[in-house]
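Asks: Chains as they are written, first to last, in the working numbering: chain L, 1 to 357; chain E, 358 to 834; chain F, 835 to 1033.
FYI, nobody ran anything at the bench for these hints, they're computed from the structure.
Check the hints yourself; a few may be wrong.
Heads up, simulated PhoX-like pairs for lysine-lysine below, C-alpha to C-alpha not over 25 Å straight-line [to be verified]:
#: 1; chain 1: E; residue 1: LYS386; chain 2: E; residue 2: LYS457
#: 2; chain 1: E; residue 1: LYS457; chain 2: E; residue 2: LYS384
#: 3; chain 1: F; residue 1: LYS961; chain 2: E; residue 2: LYS384
#: 4; chain 1: E; residue 1: LYS419; chain 2: E; residue 2: LYS513
#: 5; chain 1: E; residue 1: LYS419; chain 2: E; residue 2: LYS457
#: 6; chain 1: F; residue 1: LYS1011; chain 2: E; residue 2: LYS384
#: 7; chain 1: E; residue 1: LYS457; chain 2: F; residue 2: LYS1006
#: 8; chain 1: L; residue 1: LYS86; chain 2: L; residue 2: LYS20
#: 9; chain 1: E; residue 1: LYS780; chain 2: E; residue 2: LYS717
#: 10; chain 1: F; residue 1: LYS961; chain 2: L; residue 2: LYS332
#: 11; chain 1: E; residue 1: LYS717; chain 2: L; residue 2: LYS332
#: 12; chain 1: L; residue 1: LYS86; chain 2: L; residue 2: LYS44
#: 13; chain 1: F; residue 1: LYS1006; chain 2: L; residue 2: LYS72
#: 14; chain 1: F; residue 1: LYS961; chain 2: E; residue 2: LYS386
#: 15; chain 1: F; residue 1: LYS1006; chain 2: E; residue 2: LYS419
#: 16; chain 1: L; residue 1: LYS86; chain 2: L; residue 2: LYS72
#: 17; chain 1: L; residue 1: LYS332; chain 2: E; residue 2: LYS384
A few chain F residues that don't get close to chain L, going by computed Cβ distances all over 10 Å [stated by the list, open to error]:
#: 18; residue: LEU844
#: 19; residue: ALA898
#: 20; residue: LEU925
#: 21; residue: SER962
Owing to the predicted nature of the structure, the values given are computational and were not obtained by experimental measurement.
Where is the CB? At the ideal position from N, CA and C, for every residue including glycine.
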Amino acid sequence: MFELIQFWSNLSPLAWFGWKIAQVLAFVLVLALLVAALVLADRKIWAAAQMRRGPNVVGVFGLLQTIADALKFFFKELIVPSGSDKFLFIAAPVITLVMAFLAWAVIPVAPGWVMSDINVGVLYVLAISSLGVYGIIIGGWASNSKYPFMGALRSAAQMISYEVSIGFIILTVAALVGSLNLTEIVAAQEGGFWNWHMFYLNFSNPVHLLLFPVMFYMGILFFISALAETNRPPFDLPEAESELVAGYQVEYSSTPFLMYFFGEYVNIMLLCGMMTILFLGGWHAPIDLGFQFLPPVFWFFLKCSFLFFLFAMVKAIVPRYRYDQLMRLGWKVFLPTALVSIMIVLTFVNFFGTGAT
Amino acid sequence: MPNLYLVIPEILLAVSASLLLGFGVSKTKNRAPIVRLIAIAVLVLYSVLSFLLGSQDGEAFKGALIIDGYARYVKFFIGMAAAAGLLLAGDYLEREKLDKYEFSVLTLYAVLGMSIMVSANNLLALYIGVEMQALALYVMAAFNRDSLRASEAGLKYFVLGALSSGLLLYGISLIYGFTGTLNFEAVATSIQSNGLSAGVVAGMVFLLCGLGFKISAAPFHMWTPDVYEGSPTPVTGFFAGAPKFAAIALIARLVMGPFGDITDQWQQVIIVLAVMSMFIGAIGALRQTNIKRLMAYSSIANMGYALVPLAAGTVSGLRGMLIFMTIYLITVIGVFACILQMRIRDGMVERISDLSGISKTNRGMAIAMTAFMLSLMGIPPLLGFFGKLFAFYPAVQSGLTWLVVLALIASVIGAFYYLRVIKTMWFDESEHEFINPVRALSWTSAISALLLIGFVMIPFVARTGQDWISIAATSLF
Amino acid sequence: MLVAISFYLLAFVAIASAFMVVASRNPVHSVMFLIVTFFSAAGLFILMGAEFLALLLVMVYVGAVAVLFLFVVMMLDVDFVELKQGFLQYLPFGFVVALILLAEMIMVGAAYFTGETKALATYSGEKSNLERFGEVLYTDYAFFFEAAGLVLLVAMIGAIVLTLRERDGVRKQDITKQVGRTRETAIEMVDIESGQGVG
């Protein structure tokens, strides 16, 4: 009997391991399907803004277009440039993809729906997203070609610059909540949209009402920084086609290219999810009716989709920045204002308590 | 926080440096001279404050810094030397079109770093202090960034400085690992109670080597001539004085404090450093033609002399070191005030032969320079003699007579090149005439020369100064 | 068991990749191995329960410092033939230094192992890593924190002093000015007679 118990307790880590693997697979599968949908949505929205139809041939309304594209990339020939560093050339897109998926490990999409609810979740996301830059910089370098290298350098500088302000923006939220745990950050925004950090009208702690403009500004800043962090237009200088052909991806074809493409969209989803969690109340409904007529994950998904719609609209509407303008915006506008904001928020938290009380 | 009043001088430095930086960023006209004047005032105020606030001793920031008579004494002179350095630099910087307000700000930060070094009571504070002054000094060495030589000086200084920081950190980590503490007193207690372990000795040797770089003691001297030659002259003058004093003060505090019980262990290291420095300094200087390189070797040799009394490991030895370093500081300021006066119509000159015949054209400068050279040699009526006397006597007392004999031999060799400078000035034919220096330079050299000639200083050395230095020296025991 | 396996795996990877940092011929590969080393070190931190430190290590060293390394290494045009020329000349000296260091390490290591060994302190308490850090960093170690900040400030001033060149007569974009333009200031109506030009 005793031995049996021991057997089970020995096995339980294994069982735990299996459970986690199942979770990972589920996340990856859902994300992959979502990417297919998002790519299509992106193209459709873009087309609509330009009064075109967008993809409409493959499948009903072009629904299968992304899948067809993916299949095409799978079956194309993989071309590795002769002067390239072969190992790193193949490793780079893999890094991008893996890092994009890794960050999802701590994202809570609904109460309890999180793979790993760690205490320093915010830091984990920051750390992993700061690694994403390696995929690009290595890919650009390993191609042994001029345009990719320029694109890689641009991208590295850009992502590092905006990571700094993203870090400070996230800190304002963390300071308000008093925790770096993403689940707790979402939990702190319960009760209605006026508790969301973006529309921060915290009536339970009236002095905090003064923070509304600061937090609103932080939300907007986070959105713009997210655009820069994911190399989306108007900050898509690493792949600016008018200057660098396709930036760091010039030499890539076939599956590695697909991986880059895939990783990019997973990253976009990640930042939409982060913004939802940090500023838009995560899985909470805008108005708390006392009962749930829709599952929490629906709200999370809805908010993410709305943010992605904004991403796509920005791409359609705003012209590309020049590189020095981009750097100026990051270092001379975002960073100082984010610093001032965090000082204000910390002062409030220090003298009037966190938002929760 | 309690005990904050003890570190008012340091806070003054940090705050005013940051404020001046803010002021400098504004587009005010003539901001560089304004910032420089304020910085000089701040430095003088710092010296006076660290001297005046002196009646109480104590530890600040939970034992990170210690403020005692010793620290106050060294800080007073560091502040004064830095103020003099800035005063001398003004004219040079303006003429060479280097006059940027950052120079003064960096000086303030360098002095802040030295101040932390001198007051360090904790290995972390030691490292932070060393690093702060070193970073400021690297930049000052390369301040003339368009000059190839200055950039080379800055780069060399930086690379070797980084190496010395590495040694320092390695030593610190060993000591921390084997004693389990960073605090100086706790290290001493740990050595007393647990006995001596190889790790602590290794750590101590690394620590002393790292600091050896900072005082340019041989065999860690190789950066000195190039850096002295390449840096802008006022920067060189600053390098030769205050940072050396701070570093050697730190070495003294280390060997007397945490390693006070293992005299036998560090004595060997100090003696090796001292002997090598004295001889390399003396012999290396013989073939130099550039006055700044000459001063570099001279400073290596002088650091060797300063380590001699330290090797004795007694109160009187520490007192001798303080007296020697104080006098050396005054001399160096004077010498560089003179070097800065070596200006012909086309710009600065730095060769020793350029000094030829200035006894006829610039008699005042020639007299002052002669006084400095004689003092560096240690000729009796001048203060330099007393410096060496106080430095070597404690070593004899504690039985290191052979070391003193070596020091005297090195002094005799060194006398040769000092005499050569004097000979060039008084007996060689004049090549060109220097243009009239600004008043600050001539006054500074005159004052330091007067101080050295000793009539002013003798009562000072005899009475108050002695008391003051004695208090400073005993406060380490 | 699992912890032990993870420890040995991480430690092995850390040491092996640290060796490869020195041994690899291509400097870019060296930096890559350096990153792997940092990662393994972060993993070791996590095993000790220092999750905050681990993530900080990844964020700061891998995310920023190593990227800048990579930047520099990629931009440098390193000539390996030239680099290797002095190798034999410096070899004896380097060998002596390495030998001394090795002897010292062995001595120190021996002293450590023959002495009483202390268990590594792992922290497991109610408060999170972060709170514990905050509690000592802003109280006992406030001075070091501030002073280290000043050191970084000095480094920054240095970098700016040595590189910033203010040139006169450079046209700069003033975005407020651009955006603040109105129709009145931007457009001038000119009547041009035919055949005359704006002149």
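Asks: Now, for every hint given, state plainly whether the structure supports it.
Replies: The hints, checked one at a time:
As the CA atoms of LYS386/E and LYS457/E are separated by approximately 12 Å, the hinted pair is consistent with the 25 Å bound. At roughly 12 Å between alpha-carbon atoms, LYS457/E and LYS384/E fall within 25 Å of each other, so this suggested pair holds. This hinted pair does not check out: LYS961/F and LYS384/E have alpha carbons roughly 49 Å apart, beyond 25 Å. Straight-line distance between C-alpha atoms of LYS419/E and LYS513/E comes to about 37 Å, which puts the hinted pair past the 25 Å bound.
Restraint check for LYS419/E and LYS457/E: not satisfied, since their Cα atoms lie roughly 38 Å apart, outside the 25 Å limit. For a cut-off of 25 Å, the pair hint linking LYS1011/F to LYS384/E stands: about 20 Å separates their Cα positions. Between LYS457/E and LYS1006/F the CA atoms are separated by roughly 23 Å; this keeps the pair inside 25 Å, and the hint holds. Taking the CA atoms of LYS86/L and LYS20/L, the gap is about 33 Å. The hint is violated against a cut of 25 Å.
Straight-line distance between C-alpha atoms of LYS780/E and LYS717/E comes to about 13 Å, which keeps the hinted pair within the 25 Å bound. At most 25 Å may separate the alpha-carbon atoms for a hinted pair to count; LYS961/F and LYS332/L exceed this at roughly 37 Å. With a C-alpha separation of about 59 Å, the suggested pair LYS717/E and LYS332/L falls outside the 25 Å cut-off, and the hint is violated. Annotation: proposed proximity of LYS86/L to LYS44/L is violated, straight-line Cα distance about 36 Å (limit 25 Å).
Taking the CA atoms of LYS1006/F and LYS72/L, the gap is near 47 Å; set against the 25 Å cutoff, the hint is violated. For the suggested pair LYS961/F and LYS386/E, the alpha carbons sit about 54 Å apart, so the restraint of at most 25 Å is broken. Pair hint LYS1006/F plus LYS419/E does not hold up; C-alpha atoms about 50 Å apart against a cutoff of 25 Å. For the suggested pair LYS86/L and LYS72/L, the alpha carbons sit about 23 Å apart, so the restraint of at most 25 Å is met.
A hinted pair counts as satisfied when its Cα atoms are at most 25 Å apart, and LYS332/L with LYS384/E qualifies at roughly 18 Å. The beta carbon of LEU844/F sits about 17 Å from the closest Cβ of chain L, which is more than 10 Å, so the claim that it is off the interface holds. A Cβ of chain L approaches the Cβ of ALA898/F within 10 Å, the least distance being about 6 Å, so the stated non-interface status is violated. For LEU925/F, the non-interface assignment is confirmed: its Cβ lies about 29 Å from the closest Cβ of chain L, beyond the 10 Å cut-off.
At roughly 5 Å, the least C-beta separation between SER962/F and chain L is not larger than 10 Å, which violates its mark as non-interface.
Consistency with the previously given hints fails for numbers 3, 4, 5, 8, 10, 11, 12, 13, 14, 15, 19, 21, ordered from lowest to highest.
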